[in-house]
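Asker: Protein chains in written order, with the working numbering: chain A, 1 to 295; chain S, 296 to 623.
You can take every hint at face value.
In silico DSS-like cross-links for lysine-lysine, where the CA-CA straight-line distance does not exceed 30 Å:
no., chain 1, residue 1, chain 2, residue 2
1, S, K399, A, K224
2, A, K226, S, K399
3, A, K255, S, K531
4, S, K596, A, K6
5, A, K6, S, K598
6, A, K226, S, K523
7, S, K402, A, K224
8, A, K224, S, K575
9, A, K239, S, K523
Not close to chain S: a few residues of chain A, all C-beta gaps over 12 Å, as computed:
no., residue
10, L70
11, I155
12, L180
Output of the computed footprint for chain A on chain S, the stretches with three or more beta carbons under 8 Å from beta carbons of chain A:
no., region
13, 394-408
14, 446-459
Since the hints were made in silico from the structure, they are not lab data. Computed from a prediction, not measured in an experiment: that's the story for all the values here. For each residue, glycine too, the CB sits at the ideal point set by N, CA and C.
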Amino acid sequence: MNDIMKAARKQYFKDFSWLFIVIGILVVIYGFRAVTAQKTGEVTRSNSQAPSQRVYDYAGSLSADEVEELEAYIAKMEQEAQIDIVILTTNQYMGVSDYDWTRAMVNTADDFYDNGAFGYNKPYGDGALFLYNWYVDDDGISHKGEWLSTSGRMIDVIGSYEEGEVLDAVDREIFYNPYLGYKAAVEKLAYYGKQDLQPFSIPWAVVVILPLVIAFFYATINMKQKKAEVTVVPTTYVKERTPQILESRDDFIRKDVSFVRIETSSSSGGSHGGGSYGRHTSSGGHSHGGGGRRH
Amino acid sequence: MIFKCKNCEGNVIYSPEKKKMICPYCDSLDSETRSDAGKDVMTLCPSCSGEVPVLEHTAATQCPYCGNYIILNQRVEGQYEPAMIIPFKIGKEQCKSMIRDRFKKFKFAPIDFLSEVRLNGMVGEYVPYWFYDYDANVHFEGEGKKTRSWTTGDKRYTEVSIYHVVRRMNIPYRAIPADASIPMPDDIMDLMEPYQYEDLEKFHPEYLSGFKAEKYNMPAADLEVRAKQKMISSAKNLVSSSHSGYASVHTNIYDINTSNDQSKYGMLPVWKYDYTYQNKAYPFYVNGQTGKIVGECPLSKKKVVLYAASLWAFLTIALALLNGIFLV
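Whenever a hint applies, use it, and build me the whole structure from the sequences.
Answerer: Spelled out as structure tokens, the structure:
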């Protein structure tokens, strides 16, 4: 029995040898990466042209303490995400029509970013600006709304889905507490900026659940077996494997033809405009992306 | 009867590998002499006079004391003499390696399932069979439908053509087998088929030396129902395949008459491996001519859990490391 146990153990290690090899290789790569990453260190900010101020509350929506706290928060998040994050608030007329309003918001946001020469890696480089206009005119027409202007790698990072996520996070807070609304924008932008620094990562839920699913299927498939296949065919016991055909007739009797009318359906549809404003070039000649919402 | 070696008096047995009689003691080939001493007392070994367990249908067995193979004259002669036999083509060693090959990829077999000790317990046995001949005359008439559809403008047309289908055929069935052994499960024996009849030979008791055997447990008439079921099923399939061009066929007349019904008695070779796991028997049968294996391997729950859990754990570690590499 001892020999049988030894053989079973040997078989077990043989069956999983490929996985041991894979794990071994991954451990070596992981170790190598860990050592080289320490040597490389963090990427430091390399744009000295832009001002250090990040919060420009021209609408006066924040207290002095809140501005200070937001500046500190942005400074921390910028380092982690390696992007510049600028908060700009205004209180000005932006045009009545949606078209004019959008143009004004885009230009305000893009120009402010360009004039400040913001960008973590270089002037006009990686970063994003969040603009909020608080203006309501004397006739009660609201010019309120938000705009996100992205630059550098953030143009690609913030797609329409991410943009929606950022603006949703802002909208949940901004009407009750502008400070929390801006903070939400900073947090979300930093989150996506940071996520982009990792070229690829498997969600941890997948790391745990996928092997569980594979193990389940592995067990199920390997448990299946059949006693044996039936290998007898209809002619197995027929002499010379061929029946003698005495008569084989197919007499045509009648034909029935019927038809049905094919129903055709037509539908009409329309398209609705979105709030995204794809990659474009600002008046300063720099590339921006982004989008916004009028409230 | 017993077959003894002319040179050393050892018990000579039939070797499937060599297709000859061989003395396992002095390796002589075809050196056997038949001894009928003590043939009238079936329960005593003619070699050592030890008591041999002989059941109602035993035709050949092994003495539990001296290990010699004894063939019972009364059970292989006269009315019990088989008309034909397929001798073993696959020896024990070959059979063991075939079972190993078949189940080596089955990860969840108990660890001793393919062990030498267990596989050595395999026994070769000749199973009694009745073979039935029929000349079947089949008459089929029915209504066949063929459908065709096409579209013109906004109309989809369907055309159904009806045919009167007539088929008459003579099907000469030869040697439809039905095992005449009560201990052998019918479904298993059916799965062992087909045997290749080109190896059928005239019966010689020498083929039984080295194996166990049974005489038929019941007369041919008792098993005819099984043979006819096989014939009817085959005939139906042949008729169906002759009108397979129809979308559907409704049967109006279906007659099968048989003539020249005959039955013959014969023996076919089977290796049996009785494996017991957690007090449950898992019998395996191997066709002694073709090597077809019939049987289900028991599952070792411990191995299922160990292998699935290991795979889960190792894959999780591998994925976590992969993630770690990207996150560093």
